[in-house]
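Trainee: Position chains B and C against the provided structure of chain A, taking the given hints into account.
Residue numbers (this note's numbering), protein chains in the order written: chain A, 3 to 309; chain B, 3 to 309; chain C, 3 to 309.
Below, a sample of chain C positions facing chain A; criterion: calculated Cβ distance under 8 angstroms:
{"no.": "1", "residue": "47"}
{"no.": "2", "residue": "49"}
{"no.": "3", "residue": "75"}
{"no.": "4", "residue": "77"}
{"no.": "5", "residue": "79"}
{"no.": "6", "residue": "91"}
{"no.": "7", "residue": "94"}
{"no.": "8", "residue": "95"}
{"no.": "9", "residue": "97"}
{"no.": "10", "residue": "98"}
{"no.": "11", "residue": "101"}
{"no.": "12", "residue": "102"}
{"no.": "13", "residue": "103"}
No lab work stands behind these hints: they were computed from the structure. Ideal Cβ placement from N, Cα and C applies to all residues, glycine included.
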Amino acid sequence: MQFARKDVLDMESLSVAEIQAVLDTAETLKEISTRPIKKVPTLRGKTVIHFFYEPSTRTRTSFEIAAKRLSADTVSISASTSSISKGETLADTAKNLEAMNPDAIVIRHSAAGAPHLLARLVNASVINAGDGMHAHPTQALLDMMTVREKKGHIDGLRLAIIGDIAHSRVARSNIIGFVKMGAEVVLAGPPTMIPMGIETLGALVSYDVVEVIKDADVVMVLRIQKERLQAFAYSSEREYAQCYGLTEDKLAEAKKDLLIMHPGPINRGLEIAPEVAEGPYSVILEQVANGVAIRMALLYLLLGGPR
Amino acid sequence: MQFARKDVLDMESLSVAEIQAVLDTAETLKEISTRPIKKVPTLRGKTVIHFFYEPSTRTRTSFEIAAKRLSADTVSISASTSSISKGETLADTAKNLEAMNPDAIVIRHSAAGAPHLLARLVNASVINAGDGMHAHPTQALLDMMTVREKKGHIDGLRLAIIGDIAHSRVARSNIIGFVKMGAEVVLAGPPTMIPMGIETLGALVSYDVVEVIKDADVVMVLRIQKERLQAFAYSSEREYAQCYGLTEDKLAEAKKDLLIMHPGPINRGLEIAPEVAEGPYSVILEQVANGVAIRMALLYLLLGGPR
Amino acid sequence: MQFARKDVLDMESLSVAEIQAVLDTAETLKEISTRPIKKVPTLRGKTVIHFFYEPSTRTRTSFEIAAKRLSADTVSISASTSSISKGETLADTAKNLEAMNPDAIVIRHSAAGAPHLLARLVNASVINAGDGMHAHPTQALLDMMTVREKKGHIDGLRLAIIGDIAHSRVARSNIIGFVKMGAEVVLAGPPTMIPMGIETLGALVSYDVVEVIKDADVVMVLRIQKERLQAFAYSSEREYAQCYGLTEDKLAEAKKDLLIMHPGPINRGLEIAPEVAEGPYSVILEQVANGVAIRMALLYLLLGGPR
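Bound conformation, chain A alone (with noise of 0.2 angstroms):
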């Protein structure tokens, strides 16, 4: 497989034979972490710029020590220490730093669309490491490898995603990625969360939590940001919690083999029963390693081989 893009988007541009190209890459690399030198030669001379408008621990390191597992040098821009305070366009910015000669750039940022904007101005290769409430591509393919390395499979499964689908970048890329690799989605959660018109994604719509979970083979929870809650009319946290949190009584009559995911950071006792997330059902911090496998992957497909 050829895999002939320049950028990684969103889960829309990306063909099936183009996701399961990364898929099959990233479960070749994830070998190389686990090795007492956790280190190959591949992309030695290599400059990728990680460009972080928005705060994030977990997927900008996982980025960093992705890039550097290849052998890739890296620069972190973080928009607390950058020039944006001194008010230059995003398209400024992205002229000059394809000016320093970067072979790919890592971006989050706030607002949607940032990063195909950035994508048409470089010639660096653009990597969408999540834009405002539109996409989160690196996301869909970790998960979808790790449901493909439980299950074996994607298509034919039953994919249950649950909490403020209308907020969430991640539960958008996941739709697209899981539908497209022949899974059906169902989404599930407060009326107000759940935005008019998703069904054209491809996804069916739920407001049922038990039965929801009752047929499906995965659930993904979505974070809740505590500050929305209000504006959807929850008294209280622990309204929510009962109403939607993961719980154990709601797994009551859930599939034996259900596997249980979060894009983390997660919300203990909110969104997810502390004894949910670290329960038999939950591969949680398996989405985190591979989050590094399937960055390696990409990296190495966009930049790898000769272009």
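Mentor: Just chains B and C, lined up with the frame of chain A:
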């Protein structure tokens, strides 16, 4: 040419031969950044500390990339995450860093003279990445490299610098550097922005921007600090843009091979019109690309050979 | 000597033989930092995460330089740019980092015991870079290395620690370490700054600073947190400096081969007079240099061999 300096602190102290050596070396090293493997082992095992008391995207990134393409190890310290908040003096910080045996310290500081103080206190090479309103020698060197690359020479050219000369370390270093290399430098801007006695640096002063542009081979537009406009009795950004902003109509009588430069980041529509910043005369992005080459050259000349 | 520990968390848990092994190793590795090529391939392909919840220049820089001179890959996380702002628990952050297969995590945290919690949760080696008012073992080890280097031995020496013992993790780790190695430790300072029962750690207590200095082989001056002075009923910095600051006149009867130490950053003229900090007894900068060597030694002993 032997480059026997320990530090690069300002343009005053560099001789014509030394400036030429830097430009020649940068010209040679520039090609590395266009290779598939952008890395040479020249500075392997050297430690470069990037010590930035002021926020910066392009300069810090440019220096880090330069150091890494030469295989140096880099450590980055920014004011926000450092002990500076604990009230340590610069002299004490300097001696502490020195005790860790760095080979070079790149420093940006809001206080004029801070890099000179540092240089006196440490055995490591010190490169001034901008100090207060005093000097920004690597900017001047990359500007000179860009002009020489495009024009073949610097001597005999007429450079116009337009804007807030009084508060600009970029202007100061460029005046000194270009005059030293045999260029004629003319300063233009509002009278309040041109300091008394600046002619002693060897530059001419004019208040007629259009006239100055007409005769120039190179026009360097300075960034305007918006928060300073009021103090200069400008009622609005629009008024400044009209009088002194570099617009297409002010270029009507410009030379056909004019170069337009800007140290960045630009304020679009204030000191430079977008169509000019991206127009055929503009070499703004070449400046950025040459910035990496100049910084590689300085690190190489200061650290690469036996001292 | 086999160094079979997974973590270095405090001085209590290190045996005399282990401390000696660390000091011996540091002594050997120190020379690397004075070579023209300051780098050995020992930890190539190892991943070291520097996780600093509190701001720090010297300790973080020292650790990063140590890791890089051993060729490890480093990733730096500071509280200000991390998901900590998202309210994740330390335990969850720990397990997430662990999932990325780091070989070591260096942690500084405002909460005492945080590194111990981390160490129990991860397979990676954990090094405590300072936790609350509890412990700072790498500081104690570099202090011991400095004393041994200058005096040839530690046992039988008399160490005086002067200042705010109550709030000092540096004091606590040094008391335990030096007592364990056979030194006599005397604490001096205002009564309100010396906690009840500190003698149980094996130290003596005195309130007569001049007397204490007279008998000491090593005087370690602690940094005073200026904002705490009020709480200790000191009306002014000047008053503290007069009573407890290390000034030349207090050294009138000191031993001729006295060593004066300070963990830095120093408050000039408060707890130590400038002429003393830079005087002939001072080994403050040797401490900093040895800090790199100690951290190289710990990384080497924890990660370098087969485990």
